[in-house]
Amino acid sequence: MSTDTQLTDWRDKALQFEQQINQTVIGLQPAVRNIILAVFARGHVLLEGNVGVGKTTLLRAVAQGLGGDYQRIEGTIDLMPADLIYYTYLNDQGRPCVDPGPLLKHGDTLATFFFNEINRARPQVHALLLRAMAERSINAFNRDYYFPHIQVFADRNRVEKEETFELPAAAKDRFMMEINIDMPSADTVLDELMFNPRFHDTDQLIRGVTNSDIYYQLNELAQTLQQLIQTSPKLHTYALTLWKATHQPQLYGIQLADVEMPQLLMAGASPRGMSYLIRAAKTRAWLERRDHVLPEDLQAVFPVCMTHRLFLNPMYAYRKEQLLPELIKGILNQVAAP
Amino acid sequence: MRIVLILAFSLLGCSGLIDEPITYFNVETPRPFGYVNGDEIPARIIIETRSGITLQTGSLPAKGQINRWLNLNEVTVKQSGQRYEIDLRYQVFYAPLEVKSLTLPSFTVQLSQGEKNINQNVPAWSFTLSPLRELVVRQTEQGEYMRPDSPPILLANTLAMYGMTASLTLASLITVYLSFLYGLFPAQLRRTLFKRALRQLAGLSKADMEQALTIVHNALNSLNGQSLFHNGLSQFYLLNPQYLQINSQLDWFFNYSNRYFFSAGMITVAQDLQQIKELCEQCRKIERGSL
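Chains as they are written, first to last, in the numbering used here: chain A, -12 to 325; chain B, 456 to 746.
So here's chain A without its partners, still in its complex pose:
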């Protein structure tokens, strides 16, 4: 089978998978599309949203649909890095035992690692995750453990700020996307969510997702896909301009209300962030049945890939909910492709 045919087959599978998730978690199509992009671009995902809007359900559905060994942990204030690596207990005979924790339990077949309420965990835990996410390995029991297939899904709610720890910039940067989950707005969807008993029992809902068992082939697919989807020199220029605009937006004619533009940003996008952006854009081009990336692919993934990588000056940080989306929109509107 030629590589092109393989890619076409895979695309059909991906779209089918997307459709299935959309049927399980309704009204979140844009978020589902972004998660699919992140999965096929092999990037970690951070979900943010209000309480009860379906973040966890969405991630569980995706994990169930992809197959692979799944682990989940709840972030709490007293969670320590060791809790991810091992746990100790007394067995039936009353003897103390040490067993591998959630990260090590499945060894190198660990697939989806779901970190619920990540901002409730302490920075020590974030630090452990940094390595697990970036290098797909950790050191424990005097040796390195490798997780070639690990994909971290994390979520946090944006309602509470008490007893939470802001994710450090380095940890945020390791997530390919930060996806905001907003409540569905269409009345029919809301009605469905309220009255259809199918959505009342999430466990049953998740069980309804067919396990496609495609997970362990994703790394190879992503590699092929990244090699085959073309980017033209003009697109390189466009991406470079976008990148520069995240550092010095004022040079590209971007002006936000009541903001001294040169003082707005403390840090723009990182090289890692830009490489994630291109990976996601290539994956989108593939899903859109193209063999080349268009500016619209970059534009589609730019907000989710970039918003959490831009750090505002403390002076403007309290307005970040308003300023960052405006800045991203301004950059996309001002930078011309050809």
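One or more hints might be untrue.
Stated by the list, open to error - In silico DSS-like cross-links for lysine-lysine, where the CA-CA straight-line distance does not exceed 30 Å:
id, chain 1, residue 1, chain 2, residue 2
1, A, 316, A, 221
2, A, 221, B, 650
3, A, 221, B, 732
4, B, 740, B, 650
5, B, 518, B, 533
6, A, 92, A, 221
7, B, 661, A, 221
8, B, 533, B, 571
To be verified - Selected chain B positions facing chain A (in silico; Cβ < 7 Å):
id, residue
9, 668
10, 676
11, 677
12, 681
13, 682
14, 686
15, 711
16, 713
17, 716
18, 718
In case anyone wonders, no lab produced these hints; they're calculated from the structure. Model, not experiment: these values are computed from the prediction. C-beta atoms are modelled at their ideal positions from N, C-alpha and C, and glycine is treated no differently.
Once you've looked at the hints, dock chain B against the given chain A.
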């Protein structure tokens, strides 16, 4: 005969010394009375010398303030042969309460003969200065006794004003006309986007496809006020509904541009450039309101 000789010797004795350096010296002063505060007082000093003697002009009093109440406004020296006419013009600034006698100070004029200096004293000169008014300012029935001078009559400047207004008007008219010619009016800029684009497209050939596409993209971006992409067309039509009638052409243009710029192996033909020019012409017609 003896008497004649005695008379002749006596006359010799009467005449001055033959080697006197200054042969004539006189200070001509005006009347020594009737001056008031602010008056100028001229004085002329006439000196005649033997030949070979020169006046040291540096020894004359310097122009400027001499003392608290006296200024020397002008010093001119006229020389004709060995005769010097030194004109001094003093001005008095003194407000006496009653008639007062004042003195122009004396000074010494120096003349030189080779290395030898000859001094000639110019004596002090006294004059009287009168007050301008009575000691006590009085009120009269007609009004103030003291009153300001009438304001000076202004020079007529109407002609200059007319001239300036006319030239300013002319200059602004020319500026407006030039801005119009260069298409600098914002509204006009938006209405001549495709006119200018067409002009730029005119000389391009198939080989300049990139430039041609960029020109049309720029025009569309300027019209849209921000970068316009294929996926932004629906929003663009909402703002510029008149362009909806060339929807298919715009659609073709964006697809073509995407393929040209972002995919490999695109072959351009002359027909494509023609189609881009036609699109631009259609846009120009919409811009002019004739479509």
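These are the hints, each one checked on the structure:
1. A:316 to A:221: holds, 21 Å
2. A:221 to B:650: holds, 27 Å
3. A:221 to B:732: holds, 22 Å
4. B:740 to B:650: With a Cα-Cα distance of about 9 Å, the restraint between residue 740 (chain B) and residue 650 (chain B) holds, given a limit of 30 Å.
5. B:518 to B:533: Judged against 30 Å, a Cα distance of about 16 Å means the pair holds.
6. A:92 to A:221: Answer violated: residue 92 (chain A) to residue 221 (chain A) is near 47 Å, above 30 Å.
7. B:661 to A:221: OK: residue 661 (chain B) and residue 221 (chain A) at ~19 Å, within 30 Å.
8. B:533 to B:571: holds, 23 Å
9. 668: Interface hint status for residue 668 (chain B): holds (6 Å vs cutoff 7 Å).
10. 676: Hint holds; residue 676 (chain B) Cβ to chain A Cβ min 5 Å, cut 7 Å.
11. 677: violated, 10 Å
12. 681: Residue 681 (chain B) check passes; min Cβ-Cβ to chain A is 4 Å, inside 7 Å.
13. 682: Hint on residue 682 (chain B): holds, closest Cβ of chain A at ~4 Å, below 7 Å.
14. 686: Hint on residue 686 (chain B): holds, closest Cβ of chain A at ~5 Å, below 7 Å.
15. 711: It is violated, given that the least Cβ distance between residue 711 (chain B) and chain A is near 11 Å, above 7 Å.
16. 713: This interface hint holds because 5 Å falls under the 7 Å limit.
17. 716: holds, 4 Å
18. 718: holds, 4 Å
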